[in-house]
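**Q** For the record, the sequence lines run as chains A and B.
Each residue of the first sequence is one higher than the one before, counting from 1 in our numbering.
Each residue of the second sequence is one higher than the one before, counting from 1 in our numbering.
Wrong hints could be hidden among the right ones.
[To be verified] Listed next, with one range per pair, are the computed distances between beta-carbon atoms:
1) A:Asp355 x B:His67: 47 to 53 Å
2) B:His67 x A:Ser386: 23 to 29 Å
3) A:Leu125 x B:Thr58: 16 to 22 Å
4) A:Trp394 x B:Arg64: 37 to 43 Å
5) B:Cys45 x A:Gln132: 23 to 29 Å
6) B:Leu54 x A:Val370: 37 to 43 Å
7) B:Ile47 x A:Val370: 39 to 45 Å
8) B:Cys45 x A:Trp138: 29 to 35 Å
9) B:Ile47 x A:Arg393: 49 to 55 Å
10) B:Ser41 x A:Val397: 53 to 59 Å
11) B:Arg64 x A:Ser343: 43 to 49 Å
12) A:Asp355 x B:Leu53: 30 to 36 Å
13) A:Val370 x B:Arg64: 36 to 42 Å
Hint data in this document are derived by calculation from the structure and do not stem from the laboratory.
Just so it is clear, CB atoms sit at the ideal spot from N, CA and C, and this is done for glycine as well.
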Amino acid sequence: MPSSRLRTLQALGVLCGFAAGAWLGGAEAPIKIVSAGVSPITVSLLMVAGVFLARWSIPAFVRGTSYVHQDVRQAPHLIIWAVLAGCLWAVANTMTIYAIRDVGLSIAFALWNTNSLLGILWGFLFFNELRQAGWKRWLGVLGGALAMFGGATLLAFASSTQASEGKATLGVIAGIGAGILWGTMYIPYRKAYLSGMNPLSFITFFTVGELATMTFLALSYRGAIPLWHEIVGARTMLFWLMFGGFVWVIGDLFQQYAAKYVGISRGVPLSNTNQLWGLLWGILVFHELRGGSQRVYAQVIGGSILMALGALAIALSSATGPEHSRWQDAAEREGKRYGIEESYVRASMEGREFDGGVSRRTVLDWLLVVGVTGIFVALAAVARLSRVDIDLRWAAVLSVAMLLLLVVCGIALWRTTRFC
Amino acid sequence: MIGQTISHYRIVEKLGGGHLTGVGDSVKNKSLKARPSSLFSTIMCDIHFWIPLLVLLTGLFVLRELH
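Could you put together the complete structure from these sequences and hints?
**A** This is how it looks when you write it as structure tokens:
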């Protein structure tokens, strides 16, 4: 691959990582509108239901289901990894609920934020990431990830409202467990993208594992009848929860492209900037930390600067030619192991359309898009705002910033890779 | 029937491809690679499959204990 093309793809991956942070962080906003009254497991299930709808309709809208079908046929074995990753996500997400309950957000967040460090380890061990990268890039990525971890810890301490007493050990186990599950989830991500799979195809099957596991967990923990009553009772909040899931999917899609083009060692820490965006929404729109002590504000400012510096260090440590050739070795190994067409793997690494690719939208695609839109319109019609203390001006400013990132990143992805 | 056989061979051609590292590189014979079981064996010998699976199963177990 020409070095100019490599640089372009690396820059695109970094941009996707930052856009992912904005949208993943913004996904917290609709959920914050929903006040108490719904159990965390049910909140998680409803959010995943929104995620499911988005993950089937967005690929249909962007490239069409025929494209996804064509893409999956090149490497059908990856469906297993996509479903596996979805299952990992659902279990990790449920664990965070227990972690927050038992040790409070401040400690819990710091614990599961270790996922990026694990992502670096798996990337290095299995996919040749950071091999022949040179000490400067090692320093940039590892130092950046550690700085972000420190910054995230400070922010989490500042934004925590209360820490539960007792059951601390269980909470710590849950927090670390979530970090391990999320960190390990990036093995399927990287495997899929090194093998040439398109992120749009991956997320379509990822969500099957996600929804199936979440439904299983919700039914096991809540029981079918109580769960149904809870969902019916919360019908005025369904829109916000499912919309939160929809927003989250856009962020996750950018995260997938970041993982594809800059690898998991860089893509994961960059998308972890979502905590900064979550904090911005919390402080500016939902008036969190109002009347906080000077120490709290110092933690917020210090943590934010640390996170931003860490992200900057990682963004400036993108892969060079020698490292990228090691990625190609790993891709070649995967291709040989599963008999994937070499030109398909190479085209994907170079962000090019594979010769056999088609992107014709069919009636089915439009039915999916119209159907999902209809569901959201119907839910919005019965939705109610349970919180009124929201700063709409700041909500508009942050929404515009997110939309700008969506447009800029979407155009960059289209022009550079045609969403490949 | 013929169509099924042809499509079967097309799929196997893509999946097997004669590069069954991790399963046993001696399996290079075209007639042998035309078995769907070769894909299953390849996945079973892939550490990228077992690590996430073991982490998932451990996670489910821990979650049960937490609950």
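**Q** Cβ-Cβ distance between aspartate 355 (chain A) and histidine 67 (chain B): within 47 to 53 Å?
**A** holds (50 Å)
**Q** 37 to 43 Å was suggested as the range; check whether the CB atoms of tryptophan 394 (chain A) and arginine 64 (chain B) agree with it.
**A** About 42 Å separates the Cβ atoms of tryptophan 394 (chain A) and arginine 64 (chain B), which means 37 to 43 Å holds.
**Q** Honestly, do leucine 54 (chain B) and valine 370 (chain A) meet the 37 to 43 Å range at C-beta?
**A** Taking Cβ atoms as reference, leucine 54 (chain B) and valine 370 (chain A) lie about 42 Å apart, which means the hint holds.
**Q** Quick check: does the Cβ-Cβ distance between cysteine 45 (chain B) and tryptophan 138 (chain A) fall within 29 to 35 Å?
**A** holds (31 Å)
**Q** With respect to the beta-carbon atoms only, verify the hint that leucine 125 (chain A) and threonine 58 (chain B) lie 16 to 22 Å apart.
**A** Given range 16 to 22 Å: holds, Cβ gap about 19 Å.
**Q** Does the hinted range 49 to 55 Å hold for isoleucine 47 (chain B) and arginine 393 (chain A) at CB?
**A** For isoleucine 47 (chain B) and arginine 393 (chain A) the Cβ distance comes to about 52 Å; the hint holds.
**Q** CB of cysteine 45 (chain B) to CB of glutamine 132 (chain A), is that within 23 to 29 Å?
**A** The hint (23 to 29 Å, Cβ to Cβ) holds, given that cysteine 45 (chain B) and glutamine 132 (chain A) are roughly 27 Å apart.
**Q** May I ask you to test the hint 43 to 49 Å on the CB atoms belonging to arginine 64 (chain B) and serine 343 (chain A)?
**A** Given range 43 to 49 Å: holds, Cβ gap about 46 Å.
**Q** Mind checking the hinted window 53 to 59 Å against the Cβ distance between serine 41 (chain B) and valine 397 (chain A)?
**A** Holds - the Cβ-Cβ distance for serine 41 (chain B) and valine 397 (chain A), about 56 Å, lies within 53 to 59 Å.
**Q** Verify the CB-CB distance for valine 370 (chain A) and arginine 64 (chain B) against the hinted window 36 to 42 Å.
**A** Roughly 41 Å apart at Cβ, these two residues keep to the hinted range, so it holds.
**Q** Please test the hint of 30 to 36 Å on the beta carbon pair from aspartate 355 (chain A) and leucine 53 (chain B).
**A** Because 34 Å falls inside the window, the suggested range holds.
**Q** A range of 39 to 45 Å was offered for this pair. Does it hold for the Cβ distance of isoleucine 47 (chain B) and valine 370 (chain A)?
**A** holds (43 Å)
In the structure shown, no violation is registered for any of the earlier numbered hints.
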